[in-house]
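Read off the chains here:
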Amino acid sequence: MASGKAITLAELVKRFGGDIAGDAAHGVESLAPLDAAGPAQLAFLANQKYLSQVETTRAGAVLISPADLEKVTARAGRNFIVTPNPYAYFARVAQVFIDLASPPAVPGVHPSAFVDPSAKVAASAVIGAHVSVEAGAVIGERVKLDAGVVVGRGARLGDDVHLYPNVTVYHGCRLGARVIVHAGAVIGADGFGFAPDFVGDGDARTGNWVKIPQVGAVDIADDVEIGANTTIDRGAMADTVIEEGVKIDNLVQIGHNCRIGAYTVIAGCAGIAGSTTIGRHCMIGGAVGIAGHVTLADYVIVTAQSGVSKSLVKPGMYTSAFPAVNHADWNKSAALVRNLDKLRDRIKALEAALGTREEE
Amino acid sequence: MASGKAITLAELVKRFGGDIAGDAAHGVESLAPLDAAGPAQLAFLANQKYLSQVETTRAGAVLISPADLEKVTARAGRNFIVTPNPYAYFARVAQVFIDLASPPAVPGVHPSAFVDPSAKVAASAVIGAHVSVEAGAVIGERVKLDAGVVVGRGARLGDDVHLYPNVTVYHGCRLGARVIVHAGAVIGADGFGFAPDFVGDGDARTGNWVKIPQVGAVDIADDVEIGANTTIDRGAMADTVIEEGVKIDNLVQIGHNCRIGAYTVIAGCAGIAGSTTIGRHCMIGGAVGIAGHVTLADYVIVTAQSGVSKSLVKPGMYTSAFPAVNHADWNKSAALVRNLDKLRDRIKALEAALGTREEE
Amino acid sequence: MASGKAITLAELVKRFGGDIAGDAAHGVESLAPLDAAGPAQLAFLANQKYLSQVETTRAGAVLISPADLEKVTARAGRNFIVTPNPYAYFARVAQVFIDLASPPAVPGVHPSAFVDPSAKVAASAVIGAHVSVEAGAVIGERVKLDAGVVVGRGARLGDDVHLYPNVTVYHGCRLGARVIVHAGAVIGADGFGFAPDFVGDGDARTGNWVKIPQVGAVDIADDVEIGANTTIDRGAMADTVIEEGVKIDNLVQIGHNCRIGAYTVIAGCAGIAGSTTIGRHCMIGGAVGIAGHVTLADYVIVTAQSGVSKSLVKPGMYTSAFPAVNHADWNKSAALVRNLDKLRDRIKALEAALGTREEE
Numbered sequence: 001m002a003s004g005k006a007i008t009l010a011e012l013v014k015r016f017g018g019d020i021a022g023d024a025a026h027g028v029e030s031l032a033p034l035d036a037a038g039p040a041q042l043a044f045l046a047n048q049k050y051l052s053q054v055e056t057t058r059a060g061a062v063l064i065s066p067a068d069l070e071k072v073t074a075r076a077g078r079n080f081i082v083t084p085n086p087y088a089y090f091a092r093v094a095q096v097f098i099d100l101a102s103p104p105a106v107p108g109v110h111p112s113a114f115v116d117p118s119a120k121v122a123a124s125a126v127i128g129a130h131v132s133v134e135a136g137a138v139i140g141e142r143v144k145l146d147a148g149v150v151v152g153r154g155a156r157l158g159d160d161v162h163l164y165p166n167v168t169v170y171h172g173c174r175l176g177a178r179v180i181v182h183a184g185a186v187i188g189a190d191g192f193g194f195a196p197d198f199v200g201d202g203d204a205r206t207g208n209w210v211k212i213p214q215v216g217a218v219d220i221a222d223d224v225e226i227g228a229n230t231t232i233d234r235g236a237m238a239d240t241v242i243e244e245g246v247k248i249d250n251l252v253q254i255g256h257n258c259r260i261g262a263y264t265v266i267a268g269c270a271g272i273a274g275s276t277t278i279g280r281h282c283m284i285g286g287a288v289g290i291a292g293h294v295t296l297a298d299y300v301i302v303t304a305q306s307g308v309s310k311s312l313v314k315p316g317m318y319t320s321a322f323p324a325v326n327h328a329d330w331n332k333s334a335a336l337v338r339n340l341d342k343l344r345d346r347i348k349a350l351e352a353a354l355g356t357r358e359e360e
Numbered sequence: 001m002a003s004g005k006a007i008t009l010a011e012l013v014k015r016f017g018g019d020i021a022g023d024a025a026h027g028v029e030s031l032a033p034l035d036a037a038g039p040a041q042l043a044f045l046a047n048q049k050y051l052s053q054v055e056t057t058r059a060g061a062v063l064i065s066p067a068d069l070e071k072v073t074a075r076a077g078r079n080f081i082v083t084p085n086p087y088a089y090f091a092r093v094a095q096v097f098i099d100l101a102s103p104p105a106v107p108g109v110h111p112s113a114f115v116d117p118s119a120k121v122a123a124s125a126v127i128g129a130h131v132s133v134e135a136g137a138v139i140g141e142r143v144k145l146d147a148g149v150v151v152g153r154g155a156r157l158g159d160d161v162h163l164y165p166n167v168t169v170y171h172g173c174r175l176g177a178r179v180i181v182h183a184g185a186v187i188g189a190d191g192f193g194f195a196p197d198f199v200g201d202g203d204a205r206t207g208n209w210v211k212i213p214q215v216g217a218v219d220i221a222d223d224v225e226i227g228a229n230t231t232i233d234r235g236a237m238a239d240t241v242i243e244e245g246v247k248i249d250n251l252v253q254i255g256h257n258c259r260i261g262a263y264t265v266i267a268g269c270a271g272i273a274g275s276t277t278i279g280r281h282c283m284i285g286g287a288v289g290i291a292g293h294v295t296l297a298d299y300v301i302v303t304a305q306s307g308v309s310k311s312l313v314k315p316g317m318y319t320s321a322f323p324a325v326n327h328a329d330w331n332k333s334a335a336l337v338r339n340l341d342k343l344r345d346r347i348k349a350l351e352a353a354l355g356t357r358e359e360e
Numbered sequence: 001m002a003s004g005k006a007i008t009l010a011e012l013v014k015r016f017g018g019d020i021a022g023d024a025a026h027g028v029e030s031l032a033p034l035d036a037a038g039p040a041q042l043a044f045l046a047n048q049k050y051l052s053q054v055e056t057t058r059a060g061a062v063l064i065s066p067a068d069l070e071k072v073t074a075r076a077g078r079n080f081i082v083t084p085n086p087y088a089y090f091a092r093v094a095q096v097f098i099d100l101a102s103p104p105a106v107p108g109v110h111p112s113a114f115v116d117p118s119a120k121v122a123a124s125a126v127i128g129a130h131v132s133v134e135a136g137a138v139i140g141e142r143v144k145l146d147a148g149v150v151v152g153r154g155a156r157l158g159d160d161v162h163l164y165p166n167v168t169v170y171h172g173c174r175l176g177a178r179v180i181v182h183a184g185a186v187i188g189a190d191g192f193g194f195a196p197d198f199v200g201d202g203d204a205r206t207g208n209w210v211k212i213p214q215v216g217a218v219d220i221a222d223d224v225e226i227g228a229n230t231t232i233d234r235g236a237m238a239d240t241v242i243e244e245g246v247k248i249d250n251l252v253q254i255g256h257n258c259r260i261g262a263y264t265v266i267a268g269c270a271g272i273a274g275s276t277t278i279g280r281h282c283m284i285g286g287a288v289g290i291a292g293h294v295t296l297a298d299y300v301i302v303t304a305q306s307g308v309s310k311s312l313v314k315p316g317m318y319t320s321a322f323p324a325v326n327h328a329d330w331n332k333s334a335a336l337v338r339n340l341d342k343l344r345d346r347i348k349a350l351e352a353a354l355g356t357r358e359e360e
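Protein chains in written order, with the working numbering: chain A, 1 to 360; chain B, 1 to 360; chain C, 1 to 360.
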């Protein structure tokens with residue numbers, strides 16, 4: 001991550017805020033952990049348990065909170081940037097160093113790309129090899145479309161969008177500014193809707209499913225990030241909506257007409273069935289399944305592998321998954337679970353024998 | 001969805017059946033819900049709870065069942081198409097309006113596409129940008145291959161197939177007429193089969209897995225729809241088979257040598273291990289897992305997130321998932337589940353003390 | 001699978017080892033099951049229950065273990081290749097017949113492919129249609145890149161790697177020799193990491209997530225196979241590591257900074273959260289979920305759909321999934337599980353009434 005180009009603490013503070021304690025002219029050119037950093041590196045303290053390392057680090061500067069700085073005794077000759085959230089500050093600076101170290105993106109359309117003449121592509125956009133931009137699509141400023149990306153008819157991408165290789169955006173979908181979509185993700189495939197048109201029962205049943213045309217789109221707000229091979233279906237009539245700042249991991253399925261509230265995070269392999277609304281600032285764990293047509297309140301947390309079958313109207317943490325244990329022990333418990341009604345009946349019989357309980 | 005082109009009720013009935021009550025010459029040009037429709041729009045009644053809206057709707061015509069029409073009192077000046085299944089009829093008409101509103105597909109091969117000289121592509125097919133059609137492949141009439149699609153050596157696509165962007169069909173696989181495959185889906189990747197060839201145990205184990213070549217293919221019948229980023233593996237020796245009218249949602253995995261019976265629907269994120277046979281008209285819920293080498297009867301329903309580890313020989317609904325509850329409450333229950341044998345022993349001890357039970 | 005080209009048993013033994021009992025000059029040209037094979041076909045016995053078929057098969061030769069050969073009485077006029085592991089031997093021979101039957105790969109770069117001038121591509125590599133190889137990438141001998149593959153900046157592929165269509169390898173990732181990656185898989189997308197930078201609570205919360213740059217890569221050792229649409233994220237600082245001989249099925253998610261030990265197999269739809277270490281020779285069942293920051297010992301087996309939330313330090317089999325049963329029965333059990341504390345309290349009350357138990 002070394003960029004070979006130094007940035008002074010003064011420049012960082014000008015760009016990202018915070019206060020300097022120490023030498024504002026000191027330059028750093030990369031990031032490192034406290035115990036490995038040298039004079040040209042910036043470290044950060046986000047976790048109390050590394051506080052003692054701040055006393056001994058060789059780092060050129062340390063990102064630190066005001067409260068933690070007060071606990072540091074050996075400040076002489078050390079440099080600090082004081083900020084309430086050193087971890088977020090670290091992340092922002094890391095992006096600067098990556099950008100410095102990366103080859104500059106050259107605006108323009110790769111000769112192998114296909115851009116329909118009716119599409120509008122900003123001159124500052126970078127359109128990679130074998131990209132397809134279909135009729136009427138609109139591509140904003142500084143957008144990066146990596147190799148093999150397909151942007152469908154009439155789709156609109158906001159400024160600074162980055163679509164990684166082989167992403168597909170179906171016709172008519174809209175992505176806000178700074179949206180990042182990782183390779184292979186599919187935005188706007190048809191929702192799963194079919195009208196049964198069968199007569200008869202059993203072996204005599206005839207007929208077929210009739211496809212319900214999916215004429216909504218997907219509407220993704222600013223600052224959303226979507227993981228590799230994730231799928232977000234277009235709406236049936238109205239749109240599927242992903243609000244600003246939502247972060248979605250890999251291999252997540254979001255059904256048609258869902259609405260995902262702002263700043264909610266959804267971990268990998270989760271699946272959300274159609275027409276479900278998830279509130280703002282929720283945290284959906286990995287491989288969680290959420291039924292269709294339910295509503296989750298703001299600030300709901302669902303732990304990994306749990307299943308949500310009805311609305312959760314209060315914030316809080318919800319769970320329905322068991323942790324794995326020794327296979328033989330589990331099988332014993334599982335058999336007892338299947339026969340819990342018999343255990344209950346034996347308790348009832350005992351209560352009857354003792355005369356201790358009348359109501360149920 | 002407005003097409004700007006009106007179709008008379010007479011034309012609709014000529015095409016899709018049903019009877020007209022009212023003005024057969026009335027024209028409609030789009031669809032809308034009962035409470036929002038105007039004179040140029042067609043609405044439908046599929047759910048009893050909206051019956052009263054039929055009395056007040058401004059819709060140009062209403063799709064309705066014979067039984068429901070009898071309940072409507074204010075028929076004067078209203079138009080109806082009477083059909084036993086208004087919802088399916090609505091879906092068919094919606095497709096007509098979409099087709100009218102969509103730009104016409106222009107047959108031909110995009111200049112950026114690669115079609116091997118030994119492949120046969122119908123003149124009516126639409127081959128998009130950066131498509132690859134490999135040696136010996138056969139592409140039927142009116143097939144649409146969207147940008148980035150890859151059709152492998154010797155694969156065969158029936159008439160009216162539509163493959164959305166970046167779909168991969170491996171060599172030798174066959175798709176029937178009207179099959180729709182959404183973006184990123186992979187048909188015919190190798191099944192997961194390896195022969196262990198190890199000697200020794202523990203840290204001393206040496207050797208490797210030996211790949212079992214997968215020489216079957218995938219055989220998909222007519223009218224199947226497959227969701228985005230779904231994967232269907234080719235067979236090891238014989239083929240993996242998807243029968244007619246099967247509908248598969250996004251991110252579903254179907255292992256090698258499975259057979260999925262006609263008209264079965266499989267919701268998103270489900271996984272079906274190899275050599276399993278699922279009957280006709282089954283409904284497999286989201287994120288369901290089904291073990292390998294088992295058989296499900298016709299008309300089996302498995303609810304979301306359940307796991308099937310052995311054959312289900314009778315039709316009916318099967319479940320093994322818990323709904324999420326408050327995290328702390330769940331943890332209490334989960335601990336008790338792990339220790340159910342202790343509860344059972346305490347019941348036994350009570351029974352022994354009371355002399356109420358002898359057999360177990 | 002018939003190649004039309006015969007290979008003598010002597011040639012097979014020269015190539016793959018084993019001993020011949022019978023006519024070393026006998027030629028075979030394809031493989032078949034014992035009960036279907038003819039004189040030009042090779043069969044194998046890997047399962048005791050088919051032993052009697054060895055006495056009656058018409059196969060030109062049979063792969064058999066020394067111990068099983070001793071049980072065969074009708075050896076006269078029959079040919080055998082004797083090997084300790086007939087199934088693995090069969091797999092190796094099958095690959096030979098497939099290679100004979102397949103059109104030879106023609107080295108070179110397809111005219112529609114894009115290869116950056118600074119990339120190094122071995123002359124023996126086969127670069128397919130619409131492939132993109134970006135700046136500084138290194139492609140080894142006999143590598144096959146199928147249509148639509150994208151190899152990012154500075155990525156390195158070892159000899160004999162095969163990437164199926166539409167695979168994406170992000171910048172800087174490394175694949176060892178003979179690695180196979182199936183269509184649509186994504187190697188090296190950003191891990192899921194964001195620093196919260198919010199202030200305030202409830203409706204008054206403001207701020208956003210700050211992306212943690214992911215500057216590690218993915219390092220995949222020799223002989224790994226990765227299934228279709230699987231995703232393996234790049235590391236945040238250090239690399240995500242897949243050791244030699246690991247086999248990963250379709251639609252699997254592996255988070256940033258995981259390490260998967262050599263020869264471990266992971267079945268379809270499994271998800272492994274970030275920074276988790278899995279030992280060597282483990283078997284992870286389909287749809288298993290494993291939490292982040294845990295460690296699994298060597299030789300751990302986790303059965304399908306189970307969830308692992310903490311480290312498993314001993315080898316052995318672990319489980320937490322229930323098999324589906326009749327829906328109504330399940331609901332009864334599920335309700336009792338939710339109220340297990342009440343059953344426990346009733347047992348306590350009975351014990352108190354009887355005076356049979358004091359401690360809890």
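Some hints could be false.
For chains that are exact copies, the list does not tell them apart, and a pair is met inside one copy or across any two.
As the list claims (entries may be wrong) - Taking lysine-lysine and the DSSO-like style, the derived pairs with C-alpha atoms no more than 27 Å apart in a straight line are: (1) K342 x K211; (2) K332 x K211; (3) K332 x K314; (4) K332 x K247; (5) K310 x K332; (6) K14 x K71; (7) K120 x K342; (8) K247 x K144; (9) K144 x K5; (10) K49 x K71; (11) K211 x K14; (12) K120 x K71; (13) K144 x K120; (14) K314 x K71.
In short, the hints are calculated from the structure, not lab data.
Evaluation of the provided hints:
Taking the closest pair of Cα atoms, K342 and K211 never come within 27 Å of each other, the shortest separation being 46 Å inside a single copy and 48 Å across copies. With identical chains, the CA atoms of K332 and K211 are never at most 27 Å apart, being 45 Å at best within one copy and 36 Å at best between copies. Taking the closest pair of Cα atoms, K332 and K314 come within 27 Å of each other only across two copies (20 Å); inside a single copy the shortest separation is 35 Å, beyond that limit. In this assembly of identical chains, K332 and K247 lie within 27 Å of each other by CA distance neither inside one copy nor across copies; the values are 40 Å within and 31 Å between.
For a Cα distance limit of 27 Å, the shortest separation of K310 from K332 across copies, 18 Å, qualifies, whereas the shortest one inside one copy, 30 Å, does not. For the identical chains of this complex, K14 and K71 are intra-copy neighbours only, at 26 Å inside a copy versus 73 Å across copies, given an alpha-carbon limit of 27 Å. For the homomeric pair K120 and K342, neither the shortest alpha-carbon distance inside one copy (69 Å) nor that between copies (66 Å) is at most 27 Å. Proximity of K247 to K144 under the C-alpha cut-off of 27 Å is restricted to the intra-copy arrangement: shortest distance 19 Å within a copy versus 33 Å between copies.
When the C-alpha separation of K144 and K5 is checked against a cutoff of 27 Å, the pair qualifies only within one copy, where the shortest distance is 24 Å, while the shortest distance between copies is 39 Å. In the homo-oligomer, the alpha carbons of K49 and K71 lie at most 27 Å apart inside one protomer (13 Å), although the nearest pairing across protomers, at 67 Å, exceeds that limit. For the homomeric pair K211 and K14, the shortest alpha-carbon distance between copies (20 Å) is at most 27 Å, but the shortest distance inside one copy (57 Å) is not. For a Cα distance limit of 27 Å, the shortest separation of K120 from K71 qualifies neither inside one copy, at 56 Å, nor across copies, at 53 Å.
Within a single copy, K144 and K120 get their C-alpha atoms as close as 14 Å, and across copies as close as 25 Å, so both meet the 27 Å cut-off. Neither within a single protomer nor between protomers do K314 and K71 lie at most 27 Å apart by alpha-carbon distance, with minima of 39 Å and 42 Å respectively.
Violation of the numbered hints given earlier is confined to hints 1, 2, 4, 7, 12 and 14; the remaining hints are satisfied by the structure.
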